Each structure stands twice: as structure tokens, then as C-alpha cells.
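The residues making up each chain are set out below.
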Amino acid sequence: MTLKRSILLVDDEVSILRTLRMVFEHEGYDVATAENSVQALAMLTKNGHFDAVITDLNMEKEDIGLEVARAAMNCKPKPAIVVCTGFASANNTRAALDIGIDYMAYKPVELEDLISALNRLISRYRDSGEK
Amino acid sequence: MARTPQKATRPQRMALIVHSDMGVLSNLQSTLSENGFTAIIARDLPTALLAITHHYFDVAIVSSQLREGGDGWPLAGVLHLVFPRAFVSVLAPSNGDVLTLQSAINYGVKEVYKESSPAQEVVGAILAAVDLTSKNQKPHVQ
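In order, the protein sequences belong to chains E and F. Counting from 1, one number per residue, gives the positions in the first sequence under this note's numbering. Counting from 1, one number per residue, gives the positions in the second sequence under this note's numbering.
The reader is advised that the hints may include incorrect statements.
Claimed, not checked - The list that follows gives simulated cross-link-like pairs (lysine to aspartate or glutamate, EDC-like), each with its CA atoms no further than 20 Å apart:
1) E:Lys107 x E:Glu62
2) E:Lys4 x E:Asp127
3) E:Lys61 x E:Glu13
4) E:Lys107 x F:Asp97
5) E:Lys4 x E:Glu35
6) F:Lys114 x E:Asp98
To be clear, the hints were calculated from the coordinates, so they are not data collected in a lab. In this text the structure is predicted, and so the values were computed from the model without any measurement.
Throw the hints in and build the complete structure from the sequences for me.
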């Protein structure tokens, strides 16, 4: 039996959240959404387990998505962490590498690549018990 | 009869170096050996894959270019999948541009070093990172 996968989507653009929700629900995920980092951090600390977290980088503050990624890194078990951004720089990409996120996608995101990367990461985490 | 207490010997750490340049391989191998590693070298992909099937690696250093530009990245990704706790690093022409850093993240590479960096510098940075990682790993209790 395959357990249903859960995902937290974090983006301050409601239209993006709505689109990603539809995409991931279609893929069979349980989807939760947050419109800013504060909501996301609260959900990560209170709501317990997500298999994956996809966060925008620039929301109410520049690079604030890295704080969401840092918080997700501390979750036990650790979710697969993806950062999406339209404003990649050497500094924020270096910071993302140092944090140890699993995947970085640049907007406009290729949905097939993103879904495939997430499915791979979640399966690997589940198989290895690395989380 | 009293038994002589046996010394617990720590298994030697294994490193894999994959690079098409024999000079680079040799420098990195000797520097890693000086620092207590057994370093296996490979000049191409088939040799690297053979080494992966024969050893368990703690550290890997892979050139981003084996035969053509960028073909070292997937090998680094494979190393990350096969040895999830290993410190997998890549030697690339640049370690500060967005695409190189994105490749590092998406292939599960821990660090990128400049191709032109001296072996001592690369190995020193790896040793510091590996020690830091092992200190940060808390005992896992289930």
C-alpha cells in the first residue's frame, strides 16, 4: 500500500498557490498552503509532518524562503525541500546549497521536472529512512 | 590467563577521485593519503562505476568535465544516491555562478571547488566540512 504524500506549498502569489495546489492534488498529494513565511513556519512547527515543502524565495521579504527552508530542515522526519525563485542570485543560491535543500527550481518552473524531482526525492527519503 | 585488551581500530576512510587529468588525480590522491584516506582514482566513467561497486566511499571528488563539459555532474548525483552520507564534491571551472550552484543542489553535491584550486586547499576544505558534519550528527535513537 502506498501512503498518500503530503506537501506544503508556500508562495505569496495566490494564483501560483492555486495552480500548484491543483497540480499536486491531481498527482495524489495532500496539499497544504501558506501565503507567507510566518504562516509556513507556524504550519511546520504545529502541523507536524509533510513529505515535501516547496517554498518561494522572495515573499514579504527578500530571500525569506530560506528561513522556511531552514525550519523545514529541522523537522523530524525531514521533508524534501524545494526552493522556487524567479530572482536567483549567486548569493541566495549559495545560501540554499549551504542550508542543504534538495532542489532549486527557477521560475517559470517546468512542472514535469518539478513533479519528477519531488517523486524521486520523497521515494528516496521513504526508502532510506534518511528523513 | 589475562587477555590483552584489543585496540578498536577505526576503519580507514575511503575517497574516490574522478578526473581525466592524471596530474590532478595524483596531487589529490597524495594529499588525501597524507590525511589518512585510502584514495581510489578513476580517469573515466567506467572506472569510476567499477570503483563504486567495489568500495564504500566517505568522500568523493569528481571533475565536472570528464569527457565533455558537465558530464561529471550526473556521476556526482549517482555517488550521492549510492553513498547518501558521503561528502560528494565537484571540481568545476567556477564555483560562484548560479548555474553551477544550482547543479550542485539538484545533484545532491555538498560543495563545489574551483578546478584551479590547489589540492591542499580542496582537501583542507573537505576535511573541515567532514569533521563539522560528523560533529553535527547527533546519535540516532529510534
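Hints that the structure is at odds with (numbers, increasing)
5
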